[in-house]
Structures are given as C-alpha cells and as structure tokens.
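Visitor: Residue numbers (the working numbering), protein chains in the order written: chain U, 1 to 220; chain F, 1001 to 1226.
Hint data in this document are derived by calculation from the structure and do not stem from the laboratory.
Beta-carbon label-pair distances, calculated as ranges:
1. F/Val1121 / U/Asp199: 50 to 56 Å
2. U/Arg204 / F/Val1041: 33 to 39 Å
3. F/Pro1122 / U/Val138: 28 to 34 Å
4. F/Thr1076 / U/Gly118: 35 to 41 Å
5. U/Arg139 / F/Ser1171: 22 to 28 Å
6. U/Pro2 / F/Arg1006: 58 to 64 Å
Covered, in the sense of this in silico footprint (three residues per stretch, anywhere, with C-beta under 8 Å from a C-beta of chain F), are these stretches of chain U:
7. 25–32
8. 55–65
9. 85–94
10. 104–118
11. 129–135
12. 174–186
Virtual Cβ for every residue (Gly too), placed ideally from N, Cα, C.
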Amino acid sequence: MPIDKRVSLNEALDGVTDGATVFITGFGGAGFPNKLIRALRERGPKDLTLVVNSATHRYSLTHELIAADLVRKVICTAARGHDKEPSPFETRWMAGQIELEMVPQGTFTERIRAGGAGIPAFYTPVGFGTELTRGKEVRRFGARDYVMEEAITGDLALVRADIADRTGNLSFNYAQMNFGPVMASAAKLAVAEVRAVSDEPLARERIQLPGVYVDRVVAV
Amino acid sequence: MSALNRLQITWRAAQDIADHQVVNLGIGLPVHCSDYLRPEVDVILQSENGVIGVGPLAAPDKADTDLVDAGSRRITLRPGASIVDSSWSFAMIRGGHIDVTILGAFEVAANGDLANWDMRVPNRGPLVGGAMDLAACAREVRVIMEHVTRNGAPRLLEQCALPLTAVRCVSRVYTDLAVVDVTPQGFVVREMVAISRDELQAKTGAPLTFASDCKLLTAPAIAVPD
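Working from the sequences, and respecting the hints, build out all of it.
Guide: Pasting the structure below:
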C-alpha cells in the first residue's frame, strides 16, 4: 500500500495522552504550529511537559495550553512575557504551579538533536560556571571545562512547515525551519502542520526533512 | 564631555568590524551596528535562528512573515545568504565559526566575566535565549553598554553581581564614555570622551589603566528616535 501520511486536523493528535512530553516548533516569529497547538488544547491532555523555545512568544499559541492548566513543566530558553501584566506562564511559575527548566538555546536544540540521533548525552562549553548548569557533571578536555548535558526525547512533536508530500517529506519557508528537524526526530509521534500537501512527491532538492521523521501531515 | 548616545555607541562598535568577518549581533541595541558598518566592509551577519547572511530590514510591502531574524524583525537576505535549522546554527556558533559577536550587557568583570541575561526582575520569568552560546563560543565577544546604571552604579566591576552568562569571555567593551579592553591585567582604556581619568575611574567598579596612546572617543552626530 503506498505511503500516505495525510490526516485531518481532527485525527492529527489521536493517541496523545496525559503526561506527554510535547515539542513545539517556532522561533523569531516563524514556524509556530498554531492550528495544532489549538487542537491539542481542545483535546485537553493534562500534566504535559512542553519543550518549546519560548513559553511566552507573542505569535505562538503555546500560552493557551499554559492558561488552560494542561502543563506541568516547561523546558525552554525564554519565559519572559512581553506585556506589563505577567504572562500565563509567569503567573503560574511565580505561584509554584508550573516547573521551569531554562536551557541555553544551543544546548536546548543540541539536546533535542541528540535525542533523535541516539546520543544519550554530550559535553558542551556553554553554560559552564553559570547557574543554569549548577550540579551538572563538568569535565575538562584540553584547556577548557565542559558541562555534560543529557538528550531530550518526547512523545509528540508539533511542527510547522510550508509544504509536505504524502511521504511526509517537508519543505520549510525561510526561517520557519528552526527547531522542526530536530523536534520531529526526537519525538515518537511527529505531526506537521503545513500550508499545502503536494499531490506529487516533492523534488529531492526541496526536501529539508525526510518523511522518515514525520508521521502525519495536516494541511491547514 | 559629550558622552555618546546609544546609537553612537553602536556606531563606534561597528567601526571595529573587519572585512569578511562572520558576525552575530545581539538582539536589541547591537543589531543596529549593521547600520553603521564602514562602507568598504563586506560581512556575513549570522542570526541564531538560522539565517546566514541577514540583509537590511524588509520594506513593509515586501516582508515575509517567515523571513525574520532572532529578534522577530522582518528582514531581507543578502546575496549569497542561506538558511539552516537551529541545531546547525548553534553548531556554527559553538564550533567557533562566528568571528565576532556584539552583545548588550548589564555587567562585565575585569576578568572578562559577562552578565547579560538575568537582571533578577521581580515577577518576570527568565530569558536566556542564545546569549550563553554566543558568549561562550564566538571567537571574540564584544559588549555594548552604558558605563553606569540608571542609578549611577558602575557596570564595569571586579566581579559580576548578577548571574553570569559566561566566564572570561569579553575582550572589549564600548560604553557611552570609553572603549575598554579586557586584558590579563584587567581593564585598559583605549579611548575615552573628554572627562578626566579620575572621573572615569570614579564611574568604574574596578581599577582602570590607560593605554599609552589613549585617544579621544568621538562619533558622528546620530539622533536617537524616541
């Protein structure tokens, strides 16, 4: 039977359960899978761990998951709101209702990459001597100190891309790519929200993420 | 004494960017350095969201919402630009392929320690972004900041009081009053505005030495928009 990963928005999140670790793409205003985020909120699984660059980005609907109290923990690089009033994340964090793991952005993306690449941990110079790496193993290679960082894997990745084909191959528009490839690779179930699904297979040179990493595609 | 305004500080920092360098400009004030590069200089501006070769800001009618830099500004691409994913972008940073990064800061210590990510603002969540990666791994880390805080407290210190971004990483600091190098012997003033050395020292929280060829720090008039 030919591979066909197209699904409707209703089916896109079938099988997602309470306690899931969920990756959400997007950075710098590009690549937020906002239709899938809203579909997840409507489905309403609880005790989620979100792995997302920002818990507070103004263009991402991530805050809706947090405001709906579906989130137990956020692993991110940014958790500061943009408005005078604290963001939904900040109010819950200050009240001790949500856990925060703040990670330098390059370490964040490399931990996810490692998760999808079969590497359990790695050493990086980033964060050495700072409070974000307190308590982590330090090892000296040559003349420099490095911190051991562990991989992140997850249950679900919500990925925004531009065009997919039935095989699940993805092509991104400009800086939409950001965390898409690594997040899709580190999740058991990777769902891509795209502007369009091409009936014809994407041309080889346009494919930026092979469909091997993508389980479902939804045109929105 | 004519202290530099914020954009004049970025102008001064931009003058030190050399031809063909790969440069990452921090979000906020440092991105304005790209407006003041010397005309003969051709550089690759890297943005940590994966844009390798950032061009000028996009005209509103030409902007693509997916073509943005790490600060969410709608940009264009320079000829020869490329776009990679976040992992590759940070592998580029961590791997030492960025010649210079220019970052904003709250505090810099005489040993080069940098504090620029967490001001300990009450009731606000933290934000680290790519600051630690850039500070720890760019080949050269330069800082733009006001010489003292709004309350007049020094930002150049013996030791940072705020949480560190990276240890022993800063090589040069541009302030409204001076250009200061971080050396194994501590802060060395290379340029300063027309104030006395004692006045500059009084606004600095660590001992200053003055280069034998210490120059007057000047910049062309640049208006700061409200």
